[in-house]
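Engineer: As a plain string of letters, each chain reads:
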Amino acid sequence: MSDVLVVAEHRRGELREVSYELLTAGRRLADAAEGDLHVAVISGDVEEYAEDLSREGVDAIHTVADGEEFNHDRYVAALVALAGDLDPEFVITPNSVNGLDYAPALAGRLGRPLVTDAVAVDVDGEGLVVNREMYGSKVETVIEVAEGPFVVTVRGGEFPPAEAVAEPEITAHDLDIGDLGSTVTGYEEVGAGDVDISEADFLVSVGRGIEEEENLSLIEDLAEVTGATISSSRPIVDNGWLPKNRQVGQSGKTVTPTVYLAIGISGAVQHVAGMKGAETIIAVNKDPNAPIFDIADYGIVGDLFDVVPELIDELN
Amino acid sequence: MKILVTVKEIAEVADDFQIADNEIEETYLEYDLNEWDDYAVEEGVQLVEEGLADEVVAATIGPERAEETIRMALAKGADRAVRVWDDALEAQDLLDVETKADIFAAIVEEEQPDIVLTGVQANDDSFGATGVALAERIDYEWAAVVNNLDLDLDEGVAHVRRELEGGLEELTDVDVPAVFTIQTGINEPRYASLRGIRQAQSKEIAPKTLADLGLEESDADSVLQVAEMFEPEAEGEAEFLEGDAGDQAGQLADVLADVGVLGE
Numbered sequence: 001m002s003d004v005l006v007v008a009e010h011r012r013g014e015l016r017e018v019s020y021e022l023l024t025a026g027r028r029l030a031d032a033a034e035g036d037l038h039v040a041v042i043s044g045d046v047e048e049y050a051e052d053l054s055r056e057g058v059d060a061i062h063t064v065a066d067g068e069e070f071n072h073d074r075y076v077a078a079l080v081a082l083a084g085d086l087d088p089e090f091v092i093t094p095n096s097v098n099g100l101d102y103a104p105a106l107a108g109r110l111g112r113p114l115v116t117d118a119v120a121v122d123v124d125g126e127g128l129v130v131n132r133e134m135y136g137s138k139v140e141t142v143i144e145v146a147e148g149p150f151v152v153t154v155r156g157g158e159f160p161p162a163e164a165v166a167e168p169e170i171t172a173h174d175l176d177i178g179d180l181g182s183t184v185t186g187y188e189e190v191g192a193g194d195v196d197i198s199e200a201d202f203l204v205s206v207g208r209g210i211e212e213e214e215n216l217s218l219i220e221d222l223a224e225v226t227g228a229t230i231s232s233s234r235p236i237v238d239n240g241w242l243p244k245n246r247q248v249g250q251s252g253k254t255v256t257p258t259v260y261l262a263i264g265i266s267g268a269v270q271h272v273a274g275m276k277g278a279e280t281i282i283a284v285n286k287d288p289n290a291p292i293f294d295i296a297d298y299g300i301v302g303d304l305f306d307v308v309p310e311l312i313d314e315l316n
Numbered sequence: 001m002k003i004l005v006t007v008k009e010i011a012e013v014a015d016d017f018q019i020a021d022n023e024i025e026e027t028y029l030e031y032d033l034n035e036w037d038d039y040a041v042e043e044g045v046q047l048v049e050e051g052l053a054d055e056v057v058a059a060t061i062g063p064e065r066a067e068e069t070i071r072m073a074l075a076k077g078a079d080r081a082v083r084v085w086d087d088a089l090e091a092q093d094l095l096d097v098e099t100k101a102d103i104f105a106a107i108v109e110e111e112q113p114d115i116v117l118t119g120v121q122a123n124d125d126s127f128g129a130t131g132v133a134l135a136e137r138i139d140y141e142w143a144a145v146v147n148n149l150d151l152d153l154d155e156g157v158a159h160v161r162r163e164l165e166g167g168l169e170e171l172t173d174v175d176v177p178a179v180f181t182i183q184t185g186i187n188e189p190r191y192a193s194l195r196g197i198r199q200a201q202s203k204e205i206a207p208k209t210l211a212d213l214g215l216e217e218s219d220a221d222s223v224l225q226v227a228e229m230f231e232p233e234a235e236g237e238a239e240f241l242e243g244d245a246g247d248q249a250g251q252l253a254d255v256l257a258d259v260g261v262l263g264e
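Chains A and B are the protein sequences, given in the same order.
All residue numbers for the first sequence refer to this note's numbering, where the first residue is 1 and numbers rise by one.
All residue numbers for the second sequence refer to this note's numbering, where the first residue is 1 and numbers rise by one.
Keep in mind the hints are simulated off the structure, nothing from the lab.
Don't take every hint at face value.
Simulated coverage check for chain B against chain A, where a stretch passes if three residues somewhere in it have a Cβ under 8 Å from a Cβ of chain A [stated by the list, open to error]:
1) 66-74
2) 95-108
3) 124-131
4) 199-206
5) 217-230
6) 250-260
Here are some of the chain A residues that sit facing chain B, going by a computed Cβ distance under 10 Å [unchecked claim]:
7) 28
8) 47
9) 69
10) 95
11) 101
12) 103
13) 131
14) 138
15) 146
16) 202
17) 251
In this text, all values refer to a predicted model and were calculated from it rather than measured experimentally.
Think of the CB as a built atom: it goes at the ideal place given N, C-alpha and C, for glycine as much as any other residue.
In isolation and in its complexed conformation, chain A is listed as follows:
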């Protein structure tokens, strides 16, 4: 019997959606390994979080009421102690910014192999089998890890959230956390501005394929003739060509327009996370294998510098 320990994630008083998704991933792995599903929730209002995490399939919840917000030193110390008590074969954390801030250290401290950014997890005999993407989502790999126990980070949005309410056993742990080498001093919202792209009905979104800042005028012309709002993928904002409030994606805004016209955007997973809810997705890209075409409703394989001027002419 091999147990699974899932680590919940919360921020500013709320559990993040990925926590419920990980309950589903964890339960599937626990079923495959014929074990129990344990859930750890650390810092903040752990009693309330534990109540929210009491979903079908969860066997036990472990709370550590130390600190308010995420701190990686606290997470590593608490999880090392819990793993020592529970001896889970699998520890699963979100492949989030915070997950990647503690999971590698946790794996190191526990002396366990780490596989990150899993899109599927399974067991094969005594080993772990993980599907993950490489080369900017152009290929998927199946990775086998023969020797356990394991630490795995799971990508958000890949498993349905566990919803049915249940009553697992809840245990509060009083742990000696020790010294913290880092201190969170605050949070800041970025990207506020005159335009809220999450409200737009029609987004013309531009990516790395635009090549040069001066070429953005082509997209501005298109936006003008179509009445669309301009948004972008990350590299455009990184280059300082558009302000942060225009960025669509995991670290930017989540948008759900009627039409999302992606121009010169390859479709990195971090970008897709922010726009896959659009009603109609249209992609223009030179690369026929660009991942954006996997989620697009309409695709144009072509050079944006040929297609966009023609489109502007057509609409004029």
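For chain A, the structure is supplied; the task is to place chain B on it using the hints.
Structural biologist: What follows is chain B alone, placed relative to chain A:
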């Protein structure tokens, strides 16, 4: 103060490619400096330019071919470089996080840097774990996904911003020595100047084997094995608009008109 920057030569895949024996065939790969590491190098060089650091050492794990990439880091201002490779590493098809952390930990042991900068992730295998695993291994503090770094040497603290999801940033103070994984957008990486490229030719790239670093061949052994590699299935079926650019644009205009989003 010394800064160690870990850099990786990453493989980029051509638009069309073939997979054979769980590998992308070599002919479809092009090699380049990992994008995140480019920002990490720039951050290190800027700390020297601001007078906060004295030296930037670039370290990489990679075959001789990777010297081309590491010269790029040298041309952009890194002072010297260390490249680790040998047959034991060559024999692995996927280095695990532990192996990479062990190798960089051995370099840290030799170099004794005050700050280690790594990219958040590498664009080819996207593990996103080396920096934090290294910090744990060498008992340094750390912060992952840093998009602003402000060093206060008097206090021995780095004030950093970590880029969280959804347009939120976390402000964190981290005790130094520390490892920071650097997010794109933290700075504007410079182009290598002709002068920089010339100077890079004479900068040292020290080749090292596992044995040179006091490691065993078995330290290269990876517990991860690539059992399968394939092109992922499309989630949906895109309707491709065919023809020349004019035809495609015409059909696209029709789609936009049908959906009814065209403004006045």
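Engineer: Hint by hint, note whether the structure agrees.
Structural biologist: Hint by hint, here is what the structure shows:
1. 66-74: violated (count 0)
2. 95-108: Holds: 4 residues of the segment 95-108 of chain B have a Cβ under 8 Å from chain A.
3. 124-131: holds (count 8)
4. 199-206: violated (count 0)
5. 217-230: holds (count 8)
6. 250-260: Contact hint for the segment 250-260 of chain B vs chain A: holds, 7 residues under 8 Å.
7. 28: For residue 28 (chain A), the interface hint is violated, since the closest Cβ of chain B sits about 19 Å away, which is over 10 Å.
8. 47: Not OK, violated: residue 47 (chain A) not within 10 Å of chain B, min 24 Å.
9. 69: holds, 8 Å
10. 95: holds, 8 Å
11. 101: Holds, about 4 Å.
12. 103: holds, 7 Å
13. 131: Hint holds; residue 131 (chain A) Cβ to chain B Cβ min 9 Å, cut 10 Å.
14. 138: holds, 5 Å
15. 146: Since the shortest Cβ distance to chain B is 6 Å, the answer is holds.
16. 202: With Cβ-Cβ at 4 Å, under 10 Å, it holds.
17. 251: holds, 5 Å
The structure does not agree with the numbered hints 1, 4, 7, 8 stated previously, though it agrees with the rest.
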